[in-house]
Amino acid sequence: MGTKIKVTPSEMTRAAGEIETLTTNYRTTYENLCRQLKDLSVNWTGDDNRNFTSKIEDFQPYFKKMENLMTDYVQFLRRSAQTYTETQTDISKKASSLADSIS
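Position in the sequence shown counted from 1, then plus 4, gives you my numbering.
Treat the hints as calculated values from the structure; they're not laboratory data.
One thing to keep in mind: the hints can contain errors.
[Stated by the list, open to error] Between beta-carbon pairs, the in silico distance windows are:
hint, residue 1, residue 2, range
1, 29, 92, 30 to 36 Å
2, 14, 36, 30 to 36 Å
3, 59, 98, 57 to 63 Å
4, 45, 76, 30 to 36 Å
5, 91, 66, 32 to 38 Å
6, 38, 87, 34 to 40 Å
7, 43, 86, 39 to 45 Å
Predicted model only: the values in this text are computed from it and were never measured.
Virtual Cβ for every residue (Gly too), placed ideally from N, Cα, C.
Start from the sequences, fold in the hints, and give me the full structure.
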């Protein structure tokens with residue numbers, strides 16, 4: 005028998021909020037790193053600085069991809085929670101009308 009996954013819409017919504025916060029923190033941390041890198045380059049010059057700066061800047065596409073994936077997952081969780089809630093409401097209404105038609 006397969007494993008059952010039990011989750012509620014409120015748990016999905018809560019998780020979406022937590023991931024959204026992590027996404028914001030991730031973006032802020034990277035932006036701060038880039039600012040500090042620029043500040044550092046005022047006093048630190050040479051090939052070593054250019055190499056270090058280049059490595060950080062080369063990370064930009066990977067950072068953006070991760071940020072987009074996290075944002076997409078937040079949206080997925082929120083849509084899933086909404087769809088689950090709407091489906092449960094619809095099923096409940098149909099079950100009630102079925103019970104009323106039998107009476």
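How the hints compare with the structure:
Take residue 29 and residue 92: their Cβ atoms lie about 33 Å apart, and the range 30 to 36 Å holds. Look at residue 14 against residue 36: about 33 Å separates their beta carbons, and that is inside 30 to 36 Å. Checking the proposed 57 to 63 Å range against residue 59 and residue 98 shows it holds: the Cβ atoms sit about 58 Å from each other. Look at residue 45 against residue 76: about 34 Å separates their beta carbons, and that is inside 30 to 36 Å.
Distance hint check for residue 91 and residue 66: the Cβ-Cβ separation is about 37 Å, which falls inside the suggested range of 32 to 38 Å. The hinted window of 34 to 40 Å between residue 38 and residue 87 holds, with their beta carbons roughly 38 Å apart. A beta carbon spacing of about 44 Å between residue 43 and residue 86 agrees with the range 39 to 45 Å that was offered as a hint.
Of the numbered hints given earlier, the model fails none.
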